[in-house]
Amino acid sequence: MADAPLPSREELLVGVRERLAPLRDRYPTTEALTIPALHFAQALCGGWLPEAAIDAVAEELQLAPASVYGVVTFYDLFHLSPVGRHRLRVCTNLPCMLRGADEIMAAIRDELGVGEGEVTADGRCSYTHFECLGSCDTAPMMMLDQEYRENLTPDSVRRILKELD
Amino acid sequence: MAFEPVLTQNVGKPGILTVAGYRDAGGYAALRKALGMTPAEVIEEVKKSGLRGRGGAGFPAGVKWGFVPADTDQPKYLVCNADESEPGTFKDRLLMEKDPHQLLEGCAICCWAVGANTTYIYIRGEYTEAADILEEAIRDAYREGILGDDVLGSGFKLDIQVHRGAGAYICGEETGLLESLEGRRGQPRVKPPFPAIVGAFGKPTVINNVETLCNVPHILTRGADWFRGIGTDERNTGPKLYCISGHVERPGTYEVPIGVTLDELIDLAGGMHKGRALKAFIPGGASAAILPASQSHLNMDFDSLAKAGSMLGSAAVVVMDETTCLVRATWRLAKFFSHESCGQCTPCREGTNWMQMTLKRIEDGHGSEADAELILRMSRNMSGTALCALADAAVGPVQSLVTNFREEVDEHIRRGGCPLPPVPFFENGASH
Ligand SMILES: Cc1cc2nc3c(=O)[nH]c(=O)nc-3n(C[C@H](O)[C@H](O)[C@H](O)COP(=O)(O)O)c2cc1C
Ligand code: SF4
Ligand code: FES
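Residue numbers (this note's numbering), protein chains in the order written: chain A, 1 to 165; chain B, 1 to 432.
There are no misleading hints in this set.
Ranges between beta-carbon positions, derived for each pair: (1) B:THR346 <-> A:GLY70: 15 to 21 Å; (2) B:ARG143 <-> A:GLU11: 29 to 35 Å; (3) A:ALA64 <-> B:ILE197: 26 to 32 Å; (4) B:GLY416 <-> A:GLU147: 42 to 48 Å; (5) B:ARG377 <-> A:GLU18: 53 to 59 Å; (6) B:PRO421 <-> A:GLU11: 50 to 56 Å; (7) A:GLY113 <-> B:GLU4: 52 to 58 Å; (8) A:GLU11 <-> B:LYS157: 35 to 41 Å; (9) B:PRO421 <-> A:SER8: 50 to 56 Å; (10) B:ARG349 <-> A:ARG24: 34 to 40 Å.
Simulated from the structure, these hints should not be mistaken for laboratory data. All residues carry an ideal CB built from backbone N, CA and C; glycine is no exception.
Turn these sequences into a full structure, and let the hints steer you where they fit.
In structure tokens, the structure reads:
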């Protein structure tokens, strides 16, 4: 349900190649560029990795698509299906749990009216619980797209959601 | 003796993110000094300081550097472990965001000492702000002649590259990290060979935690003897960042001499949340055994905590008050380990999942009388039987729940449910 059309195979190849160019001489192997390349490809595709993106990365780095796919499935920040325009990753690990993370999750569920991992009907938001994000001193907290939102309360998180475009 | 912060002394200083600002604060003098010493002399000074790794295992940094072969034509690498994913830990993020040049200087000194010309800073993918700040600091350092082909005019060549991970706790384990850096799934390698001999891209490599490396410039400028004068004893030396979270008034990162007690730390953090009583605490991150309130007088250093059956780990101190259900708390940690097991070893892959399921059923009121013993048996079967330390880490909190808080587990089973229903953290709770 990503609203922007996905880039073509050609656009993907060119886009990834461009961004990788300054990194190439920084590593002794091309395989080391796999994770950077996947980050670039995912950004070009609105936050997830369609098959064509994985193929483009594999072709660009001369790796087997299956091995690139294996890398993708290992990491929590790569997604194989469309995500909301805004992504909420809510930390529910112990230090956040001790400071009300479950109440934050409940407030989000109420406000968005969809379950964890689902995308709202307008394609605006999706949310998941997440492991410790290294911000337990400002618990409870979440990552909203690339940004940390800290010291949340049920009220503040509702307000944040209302203000999203 | 009043303690002046060392690692956090520059936090909040204006301009400190730039080379110029860092220099004004006395920065890069340690690197200049190191470049005037022989690599062997630098390693000797770090050994003498007693600095032990701040990433979790507490291995002496100078000794590790000494393992890297000095006379070889191969390229060598320094990999800075900035994966910081141990639940409860947030100190490395502070060091990178608030004083990036301190870390770069530590990396540069280490590279000079071991003869490496490249550093990779492997940073967890979620730390986008810290990564951006580091990259900007690195660009500045190249412009100012601190990095590049001629470090401070010495002829020494050094490149530093930030490498962003993609969300996987196991990439904090040093060989899982190397696999990930090389572009693969982050599955730990068999050791030996150790990274000092066969590390990144098959070459000799030092892997050190962010905080470990941040100590190095200060050891060079103020001397190993000064460093040894801080801490509990000669095996536990130097300043230390403690991350305190959970039920205290002011969670945060506090820098104190290594070996602070929990009581002192809670005081620094403004006391217990709402003045409630302390029930239990984790001294060193999710992998450490949970200790009862009666242990709050212990020196939280490597050896004192090991003697008490726990560990200093990453010095992530999680404080739990009297309202906390320890079965539920431990279940959450067990679920984390089950999610993060890389799956290569059967005892870890299966054991972590069974542990979290067993704890869940106890919490939900379906526990059986045999469950406590079952947990202890699983703990034995997972200890030392897997490839990396994640399996042992998973055992840490779970086994301690049964050994240190058996009565609470038994009560769950006897009553057929949790005797401590969750207390809402927020006054109004979440609306329904
Ligand atoms: C499962 C697991 C996760 C780890 N995570 C981290 C981490 O996030 N950061 C870190 O510095 N060390 C971590 N370590 C420890 C590293 O393997 C390694 O000991 C450390 O980076 C060495 O640096 P040091 O000697 O400076 O502490 C982890 C270890 C294990 C077994
Ligand atoms: S112990 Fe667990 S995390 Fe470590 S290598 Fe084995 S399966 Fe992977
Ligand atoms: S537990 Fe939530 S940020 Fe650490």
